[in-house]
Each structure stands twice: as C-alpha cells, then as structure tokens.
Amino acid sequence: MPIQIISPAPFVTAADDYDEEHEGGVRLDFDNDGDVLMDEAPRRAGGQAGGIVTPGEVVTDDPQWMRGHGTYLSPATSGQSIISSLAGTISKTNKLLSIRALKFRYIPEIGDLVVGRILEVQTKRWRVDIAAPHSATLLLSSINLPGGILRKRTSTDELQIRTFFSEGDLLVAEVQTLSNDGLASLHTRSLKYGKLRNGVFMTIDAGMVRRMKSHVLTLPTSNGGGDVDIYLGVNGYIYIAKHTTPLTESTTEGKSVSITRLEEEASEAIYSNVNEEISPETRGEIARIACVIAALAKGGVKVDEEMVELGYEAALEEFLQGVEWGGDGEAGKRVVAAALAKRRLS
Amino acid sequence: MPPPTPLSPPELSYLYASLSLSPPIRLDLRTPLQFRPLVAEVSFLPHCNGSSRVCMSEAGECIVGIKAEVEKDATTKYATVIEREKWIEVSVEVAGGGVSGAGSGVGIGGISGAGGATGRDEGDGGAAVWLKEGLLAGGGGGGSILDRLVISSGWHWKLYIDVLLLTPTSHPSPLLLSTAVNMALDSTYLPKLTSPHDVDDIPTFSDDWAISVPLYEPTTFPRPPMSLPVVAVGDNVFLDPSVAEVAAAEAGLVVTLSLSDSEGNCDIVGVRSMEVGRGGGKEGDRKGINRKLLRQMVNACVKEAGEVIKGIGETTHKQMFRA
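Listed in order, the protein sequences are those of chains A and B.
Read in order, the letters of the first sequence correspond to residues 1 to 346 in this note's numbering.
Read in order, the letters of the second sequence correspond to residues 347 to 669 in this note's numbering.
Hints were generated in silico from the structure; no laboratory data involved.
If you're wondering where the values come from, they're calculated on a predicted model, not measured in any experiment.
Ideal Cβ positions, reconstructed from N, Cα and C, are used throughout, including at glycine.
Careful: at least some of the hints might be erroneous.
Part of the chain A face toward chain B, derived, beta carbon under 7 Å [what the hints assert, rightly or not]: (1) I5; (2) G168; (3) G194; (4) R197; (5) V200; (6) T203; (7) N275; (8) P280.
Over the 12 Å line for every Cβ pair with chain A, so calculated as not near, a few chain B residues [claimed, not checked]: (9) E357; (10) L365; (11) L375; (12) C401; (13) E431; (14) L482; (15) A483; (16) P537; (17) E609; (18) D613; (19) E650; (20) T662.
What follows is a list of derived Cβ distance ranges for each label pair [to be verified]: (21) B:P392 <-> A:G226: 54 to 60 Å; (22) A:E330 <-> B:N645: 43 to 49 Å; (23) A:G226 <-> B:K664: 32 to 38 Å; (24) A:S272 <-> B:R637: 37 to 43 Å; (25) A:E317 <-> B:E563: 28 to 34 Å; (26) A:S214 <-> B:V589: 29 to 35 Å.
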C-alpha cells in the first residue's frame, strides 16, 4: 500500500536511552525509603514521576518536596502546593521536584557549535536563525573575510555583505558571546566554520543532540558513497554533506602552508554557492544517514557519534536484507532497536 | 514566527539534482509514488456528527469536526444551485492565526486561487473555498453530496465543516487538510428520520444513534473526495512532496479525486495548480509544464489514489466500529 496509517498511540516517555531511564517511574507518594505514605490523598495520574503535567497543574501539595525548575508555588492561601509551569514530565532529584519540558527551544551557550540559517541581512551584520528563543547575530567582523584574517574590514566589504551570506544561506558557526538576555553572537573565524553546501539540511529537537567533544563527524560510508561529513549542531540543526578536504589539509607535497598563505587560499571559494559534483551513490548514503538521524530522534534516543555510526551500520544491514527504508514505516524503529542492541553489546 | 526563509542555493541545487536522477533519490528514501505515514483517528469529538484528527510528520496536525443542523429550505420550490451551495459551510482556522472563512484570505499550501479572490460572493475563502469546491463537485457517477443532505421536501441538513490546523509551518500540505476532511466526512452519521419523507412539517428523528445513517454509505460510490499534491522535478513525478521537495520542484498540481467503484478506480474531480519553488535553476529559467508531464502527474495520482482512498476509508471504518 502506498500509504501507511497509524492509529494514535498514548504518550510513552523516552525510556529507550538507558542512561536516562532510571529517572522515571518513581512515585511521589512513596517517600525516599520506599514506604507508602498512607495518609496521602489519592494522586491523579499525572502526579507521578515520569508522568505528564500541563502548565497550571498541581504536581503535589505535599510540603516535603522542594520546587525546582519548571514549577512554582501556589499562593499561600491555597496551601502551598507545587504547580507546574511547563508541559513536561516530572523528574525528581532527592526532594527536588522539577519539570522537564517535552519540547523546548535551544538555549545557546558559549562555545557551542551551531548550524544556522541567515534570516536577514543588516548593515554590518546578519541575523541568524539557530532555533533559539532569539535569533543570533553574526557580525561582519566575526567572519573570515576573503584575503586573510589580518585584513581590516573595509567599507567595500560592508557593501558586498550579500556576497558572503545572503538570506536563506546555511552556515556552521560557534557561539562567541552571549548577552544578558540570552542573545547569542556567532563567529566563523576558523576554517572549520563557514558556509555549508554539498549536502542536505535537517532539523531535530534541540535536546536530542548530545554535547560531544567534536560536533563535526566524518563517516566513511559503503556502497561507494565515500566519506560524508555530519555537522551535528547543538541546536538540533543538522547538515549532512559530502566530505570535502578542508583547506587546512590541502597542502601540496606535504609542505604545510603558512598561516597567511592559508588565509589567501580561503578566498572567495569559501563563500561559493555552487555545489561540487556529488555522485548518486553519495546522495543515497547521505539520505540514509538523514533517515537514521531522524529515526533516532523520533525513537527518543540522543544523537551522538556512536549512535549515528551504530544506526548507520544497522541501516546498512537492513538494506542488505533488501528492505527499502521508504517502503516500510517500521524500518526506522527496527534500525533504532538494532543500534541500541549493538550499543549494549559493545 | 518569522516568514519562511528560502532555501539556500546550494541546498536547492542539491535537492534538484537528487530528485532529477534516474532513479531519483528522495531525502527520506521514499519511492516517488509513496506517501509519508500519517497518524489518524476518527469520531473522537463527542459533540460532532463526525470528526477526525490527522497528524503528519512535517505538516503538523489537523482537527476536523462536522456538525449537522436541520434547516428549512429558503425557497419552497426547487432550491437554486447557489442556494444549495450554502448548505455546506467550511471554515479553516489556523491555530494562533486567522480564520479562513468568507472574507479572510488564509491560503493553504500555495494552491493557486485558494489564497486570492475567487470571484465568488463568499469572498476569498482560501482553503475553505478549495475544500468546498472538491466536495460539491462530487464524482463522475453523479450524486453530489447535496442530494444526500435533503431530508424531506422543504427541509435539508446544513453541514458545518470546521477545520482547525495546528501547524508549525505556514504551508501545510493540502494532503493533510483533505485527508482530515475526508475521514471526518466518512465518519459522519446523521440521525435517522422517523417522519415521512413527503410531508412539509418539521421532520422528526430517532434518538437512537445505533440506527443513525451514515452521510456516505460505506458501500456506495462515490466516496468523499480526496486531494493529492503532486510535483514534478525533471522527468520525475513525486506524490506527497515534502516542503523542501516543493521548493525544488518545477511544477506542482493538486489533483482532487473520488473513488468511483470498489476496484479502486477514481474519477478526477478537479485539478488545481500548486505554487512551487524555482526548481534547480535561477529565477526565470524554470521550465514550463508540457502535455506529457502533465499527463504523467495526473496519471500518477489516479493510479495511487484508489489504494490511498480505500486505505483511508478502511482505517476510518475500522476505528468507527471498534468503538
């Protein structure tokens, strides 16, 4: 059948991820020793760790709990109960109750690698969408200008601002500074960062990317796909592209290029809008990786280097068994399950 | 929400190149004529004659409630066409946005004509007009939905179809809307008439919902209409395009069909063009749509629609009778 119709399933918390599953399932009407508090009023279904609460819902009126993130105390007149201010699951640390939101936006932190999209070109700067509550800014002075990092920014550059980035362009950058109200300022002053091309862009929920040492992975693919770069933005924006030799490695005869020379190499080419030639095999593997990441995020498994690799392996095995991903809605679930099984074994 | 930002030129060219390969590679590894899975449930609103909730991965969620009201014919003799068209009222509301009823201009999925003035006296109803148009057109086998709304001489049902879109994007897929309306119509039951058909008095109905009559008999045809979006990239034709695929497409159509027999044959009820991006090329050098490609696009819809509408109908009935 060309279409698959699924009947709605009740909400299940993301318990697949083994290092998080121990937090759930603790009932609030037990005290810490596990004794049932007999004089408790019966709780509603939501009032249990791992259950869902909505904004304004009373989490508990038991005075033994302290309020944590995502909760507030009701006015003293109505008996000091803890009320949720978010829609999310209850989590409990000793006597501290907090609500973990089901969906939230990315909160930028200094040093995060993010993938963003230019929203607006202003004088001397760009406004960049990084899935945060506020859009970030990228100053003209914090990008690599063609012709060398030591070059002074001139008024000509200001006039040519659109030749570097224009609306809709994707870029990978690092959060440089944060203002008091959480407004991020980005920079791309490294050859690792800059404009993205030769690939596809996808988004997952912000919380689904695990913070790692390096957020740029290079994955060798099979089926003649060659190497594929994966930019896992901490903000949940992901770019998967054909591996291109970074300019830092493009040295001739092993002779390293001097810093100033290197910057000259990074001339207009880094702001080019033209893709390289990408073979159909690479395109196929890029699509497969995108499907793996989407399936991981959908299955409630945090995306990191290990999971992407294991998931890709599992997807390849499925492929060898002749399962076409697109033709089977369950394929994603099976791949995630297989990847999790592999992680437990390793 | 800021207005949707265009895709970057490298992205578009990558998409365009992938989709125009032979065989094409879709980003979600679907085959060209395959639909994305959707989550659906029917008749879950207690105060509606029929209701449905449909979720699609990218396009968001859509809730449809259908209420029927007994109304006296405005004219005593044969009701005019314009009179009869008012028997169905469609309103599309976008959560947090405006209402697409008469006079508002909520355009859906970039369907041409659905966002602008249509020259009718309902004003520019946007998606509401487009949905209603498909409904009124009925099927090739005759038997418009309006005939089913006649209760007795002088009386008819008035249908209120209320669509609520809970969607994060401003471009929900026409498929989402049309699937939701289709399922809601299919799950609509009207109370059984107990007074005679040919009397002018106020009709009376049975209180028993167990013997209520379905608006669309499950075994009769045509079934409620269904609209399928289809885009073309190069020589390839894709059903149920994602937002990115629409942006990279060269031509787009929304084909409205209704099932005409149990074999899965379909009648084309209407074809509208859909606004698409600028393809892989630069602004201005987009290819036109030739007769061969047009035929290919419509054929793809007709070929797949039977299975899709049947599948959706089966799901609806399964859920209806499980409860």
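Status of each hint after checking the structure:
| no. | hint | verdict |
| --- | --- | --- |
| 1 | I5 | 4 Å, holds |
| 2 | G168 | 4 Å, holds |
| 3 | G194 | 12 Å, violated |
| 4 | R197 | 3 Å, holds |
| 5 | V200 | 6 Å, holds |
| 6 | T203 | 10 Å, violated |
| 7 | N275 | 5 Å, holds |
| 8 | P280 | 5 Å, holds |
| 9 | E357 | 6 Å, violated |
| 10 | L365 | 10 Å, violated |
| 11 | L375 | 4 Å, violated |
| 12 | C401 | 8 Å, violated |
| 13 | E431 | 31 Å, holds |
| 14 | L482 | 25 Å, holds |
| 15 | A483 | 22 Å, holds |
| 16 | P537 | 27 Å, holds |
| 17 | E609 | 15 Å, holds |
| 18 | D613 | 19 Å, holds |
| 19 | E650 | 5 Å, violated |
| 20 | T662 | 9 Å, violated |
| 21 | B:P392 <-> A:G226: 54 to 60 Å | 57 Å, holds |
| 22 | A:E330 <-> B:N645: 43 to 49 Å | 30 Å, violated |
| 23 | A:G226 <-> B:K664: 32 to 38 Å | 46 Å, violated |
| 24 | A:S272 <-> B:R637: 37 to 43 Å | 38 Å, holds |
| 25 | A:E317 <-> B:E563: 28 to 34 Å | 48 Å, violated |
| 26 | A:S214 <-> B:V589: 29 to 35 Å | 30 Å, holds |
In the structure shown, a violation is registered for the earlier hints numbered 3, 6, 9, 10, 11, 12, 19, 20, 22, 23, 25, in ascending order.
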